[in-house]
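K.L.:
Listed below, chain by chain, are the residues.
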Amino acid sequence: MTALVGTVRAPVTISRRYLAAGTFIGLGLINIFVFGFFAHRGDAVFALSLPGATPHVPPIRTPGAVTAYVAGAISIGLGVLRAVADLPRWGKRLSIAVVLLCFLVALLSWADAGNSVGSLEVVDLLQGTVTASIPLVLGALAGLLGERAGVINIAIEGQLLTGAFTAAAVASVTGGVWYGLLGGSLAGGLLGALLAIFAIMFLADQIIVGVVLNVIALGLTDYLNNRVMGPYASTFNTGNTFGTFKIPVLGNIPIIGPVFFDSNVFLYITYALILVIQIGLFSTRWGLRVRAVGEHPTAADTVGIRVLWTRYRNVILGGLVAGIGGAYLTVGNVGFFTPDISSGFGYIALAAMIFGRWTPLGSVAAALLFGFSFQLQTELSVLRVPVSSFILLMAPYVATIIAVAGLVGRVRPPAADGKPYVKA
Amino acid sequence: MSEQHETEPAAAPAATATAPDAGTAAPGGPGGRRPLTGSLIIQAVTEGHSAVITILAVFVALMIGAVLIVASDPVVLRAWDSFSYAPATALSATWNSVAAAYSALFEGAIFSPATVSAAFHGGSIAAIFYPLSLTAFEATPLILTGLSVALCFRAGMFNIGAAGQWIGGALVATWLGYAVNLPIVLHAIVCIIGAFIGGAVIGWIVGELKARTGAHEVILTIMLNYVMYNLLSFLLTSHNLMQAPGQTNAIAPNIAGNAMLPHVGGPPPQVGVGFLIALAAAAATAWLLSRSTLGFEFRAVGASPSAARSAGINVERVWVLAFLIAGGLAGLSAGTIVQGQTAPLTFNSYGTYGFDGITVALLGRARPLGVVLAALLFGALNAGGTVMEAATGVPFDVVDVIKGLIVLFVAAPPLIRLLFRLRRGGGAGPQAVTSQGWSG
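These protein sequence lines map, in sequence, to chains A and B.
Each residue of the first sequence is one higher than the one before, starting from 8 at the first, in our numbering.
Each residue of the second sequence is one higher than the one before, starting from -7 at the first, in our numbering.
Some hints here could point you the wrong way.
SDA-like, lysine to any residue: derived pairs with alpha carbons at most 20 Å apart [what the hints assert, rightly or not]:
(1) A:426 <-> B:298
(2) A:426 <-> B:295
(3) A:426 <-> B:299
(4) A:426 <-> B:406
(5) A:99 <-> A:410
(6) A:430 <-> B:407
(7) A:426 <-> B:275
(8) A:430 <-> B:298
Just so you know, the hints here were simulated from the structure itself, not pulled from any lab data.
All figures in this text were calculated on a predicted structure; none of them were measured in a lab.
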């Protein structure tokens, strides 16, 4: 059956080439006819350094409408090129990146053209993007650690939530944020272990267990918050947070420094985990074995890989990673736990993982896209763009749908994903 | 809707150990001799028949819930502090706390003995059935969202988007409810059809995009949920769109009285036409899945898309139609709420119906009858949980945990067998469902 699934692929009814070309041209038309036509007269100002930053970079000024027209023209050009020529793989990827960039530039030019409130704070936007995507990246990494070994992890949301709760409680009781980080991670790992036990030992449907763990995590944290954390907030919810740590030399580089090298420890942990998991999965013996277990457990078993042990280990590792993401939500960000603080990040992380085709770097790119959209919405409402904030909030999700449908298309999960392994 | 005689397509791995299966696998019945009913029952109990597993799962979940109830009761905790010299006090305090909470839960969901004696002394007889009507009322939207998720499961897809489809239905039903003037009965019918169509459109978008571009339905449904949450808030906060006149909050106008679904006796919440619509939808879904050609195609695609394609089934068409109907069912769920309650649509009316639909579908093993029973169980827990919270101060969150635990244990029959030392039955045992990983 596995072989069948591999060979009989769904014939996609519209050629991907024309779909991508159409999407490019469509976005280009939006750039011209929406952002260009409706832009106010005047310049769009992109501030490239935070107010009072030492190496001050002068802001960029561009005429708003003209910028949008140019961006639209580039997109349409690339769309036509994509339709007539069969680009190499890197060319396709580059064209997608350029078209998305054009779309953003046009959008931002429209938003800031002739704006009296102020200029667009590019550094703030990028900084917010990076920090907003930390829990998404960690959640997506947790998901793919499990799924690469063949266990679907929908419990990311629950792992983030329990991680956040435990981190806040432990950090408050012990007074040490590091203990909070550790506690949050372990709590996520515990949920991962539960998922693993039910999915691997008791052969329960992995999607059911994941969904249910989310329900239980939400119920339990709400309950404990009502009963313990709320009434005794001075003991259990004091709101400790990590301070920021600027990396000596790198942190002083203009634009890049404040965005990537001037944050709290969670960002650096995230860098490390992305690197370790990407290299680990695709360039080490461990990764090869994990992927073998996720693609063809019987074959892996035949050559002596311990399938169930690999799965246990990966799901629990994933839980630990998601727990760190949860800890970020409290001790790394706002400090205090509030009910349902993860508010769907786990599901967005899941989408990011699928969007990123079950690879760490792909997931990071998808998570950054979401993070960027969240932060963009904040920046645009600061600029008092005359559009309802709900429409702005909707935009990232519509953009994802367009991207998934128009540019990414069919993705292929690990072949044994979600299927319990029973030794014959 | 005889679930047990449903013929699964050949490749279907979801083998539910229903009574006939357990009978054929029985060691006591070789040579075609039919075992006696009594021995069948005993055998079902000792081997962990799926109904027995479910009952035991509910029992274990209630036990764990009891721990939470005790842990949240300061009286009991204080009694346990002095356990060493007054153990009886601690134990009786524990028992009292749990018993009070669970009897309140039972009285709120099934029936309360007090109402019976009241009826003998000139009280209302209808009051006896009030808790049951609350249960049915709570179960109504869950049956429909549960069917929505279950239908997609049977076609091999995961519908996380019942919430978004719910909003689609709610928007159309509400708009038809206040903006159009129609005679009684007709207005309600138009609105409920509108609710179906509103949800079906959102579901159709998912199916169409999946079929045409290969995009993954999990991403599409999650994203559409967020789009719909924000669309709802946007429409309800815009003066010239759907906001009630003179309001500053995100709230829609009241729908016309003609558009309300009538209630069978008494004011809401009472068993209304909504509940009957939900039951009819369950029957229709059962017929569709087990008796119609389209339903056979759904199940074939759900069992193996590639095999279905080789057999000449148009897989893309199945994806589109399954999501279209599933969306419609979620929309109907919204219709029963919008037209069944006196409160107008607000920015958070969608509540947790969509996500509860997933748990209900999983507990009901994606079978329509199972979904109805699961929704009734959850409805009873919801109805009773509210009463329990009011009467004993035990937070409603305990009920949410119990609901989750029930599904968790039902999904893991080996664990329940281990806990209660049940023998392993013949065959694979009740395999819980449905989902075939992501590949759809």
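K.L.:
Could you run down the list of hints and mark each one as holding or not?
P.N.:
We went through each hint and held it up to the structure:
At most 20 Å may separate the alpha-carbon atoms for a hinted pair to count; residue 426 of chain A and residue 298 of chain B meet this at roughly 17 Å. Under the criterion of a C-alpha separation no larger than 20 Å, the hint pairing residue 426 of chain A with residue 295 of chain B is consistent with the structure, at around 13 Å. The straight-line distance between the Cα atoms of residue 426 of chain A and residue 299 of chain B is roughly 18 Å, inside the 20 Å bound, and the hint therefore holds. For a cut-off of 20 Å, the pair hint linking residue 426 of chain A to residue 406 of chain B stands: about 17 Å separates their Cα positions.
At most 20 Å may separate the alpha-carbon atoms for a hinted pair to count; residue 99 of chain A and residue 410 of chain A meet this at roughly 14 Å. Restraint check for residue 430 of chain A and residue 407 of chain B: satisfied, since their Cα atoms lie roughly 19 Å apart, inside the 20 Å limit. Note on residue 426 of chain A and residue 275 of chain B: the hinted pairing is violated, with a Cα-Cα distance of about 31 Å set against a maximum of 20 Å. Of the supplied pair hints, the one linking residue 430 of chain A and residue 298 of chain B is violated, its CA atoms being roughly 25 Å apart against a limit of 20 Å.
The structure does not agree with the numbered hints 7 and 8 stated previously, though it agrees with the rest.
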